[in-house]
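For the sequence shown, my numbering gives the first residue as 2, with consecutive numbering after it.
By construction, these hints were calculated from the structure, which means they are not laboratory data. Beta carbons: idealized from backbone N, C-alpha and C, even for Gly. Take these hints with a grain of salt, some might be off.
[Stated by the list, open to error] Just the calculated beta-carbon pair ranges, DEER-fashion:
hint, residue 1, residue 2, range
1, Thr-6, Ser-30, 13 to 23 Å
2, Gly-22, Ala-68, 23 to 33 Å
3, Ile-10, Glu-36, 33 to 43 Å
4, Leu-34, Met-2, 29 to 39 Å
5, Ile-10, Leu-32, 15 to 25 Å
[Stated by the list, open to error] Straight-line C-alpha distance at most 20 Å; calculated EDC-like pairs for lysine to aspartate or glutamate:
hint, residue 1, residue 2
6, Lys-47, Glu-5
7, Lys-47, Glu-73
8, Lys-47, Glu-72
9, Lys-33, Glu-73
10, Lys-33, Asp-46
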Amino acid sequence: MLAETLGNILDERHEKGREEGLRLGALSSLLKLVEMKFGAISDDDKERLSQLDREQITHALSRILTATTLEEIL
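The task is simple: from the sequences and hints, build the whole structure.
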């Protein structure tokens, strides 16, 4: 019983870590693409981007090619 509970806790933590790793990888790609398209961005804009969840990052990545401003991505 205890081993099963500990196993479930570890599995949950592993999954959360994996999800956060995927989010951070996508965020890194988004930041690189934004800077390639618009040049250096402010620390405030970097902070705004870093607050996006994985779904929002994916949505922003899909708009990067057609956006003319950073606001259009967000």
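Structure-based check of each hint:
1. Thr-6 and Ser-30 have their C-beta atoms about 37 Å apart, which leaves the hinted 13 to 23 Å range violated.
2. Range check, Gly-22 to Ala-68: about 26 Å between beta-carbon atoms, so the 23 to 33 Å window is met.
3. In this structure the hint that Ile-10 and Glu-36 lie 33 to 43 Å apart at CB holds, the actual value being about 39 Å.
4. Between Leu-34 and Met-2 the C-beta distance comes to about 49 Å, which lies outside the given range of 29 to 39 Å.
5. Checking the proposed 15 to 25 Å range against Ile-10 and Leu-32 shows it is violated: the Cβ atoms sit about 33 Å from each other.
6. A C-alpha spacing of about 41 Å is found between Lys-47 and Glu-5, which places the hinted pair above 20 Å, so the restraint is violated.
7. Between the alpha carbons of Lys-47 and Glu-73 the distance comes to roughly 15 Å, so the proposed pair stays at or under 20 Å and holds.
8. Between Lys-47 and Glu-72, the direct Cα distance comes to roughly 12 Å. Compliance with the 20 Å bound is thereby established for this hinted pair.
9. Straight-line distance between C-alpha atoms of Lys-33 and Glu-73 comes to about 16 Å, which keeps the hinted pair within the 20 Å bound.
10. In summary, the hint linking Lys-33 to Asp-46 is supported, as the alpha carbons are separated by about 13 Å, within the 20 Å threshold.
When each numbered hint is compared with the structure, violations occur for hints 1, 4, 5 and 6.
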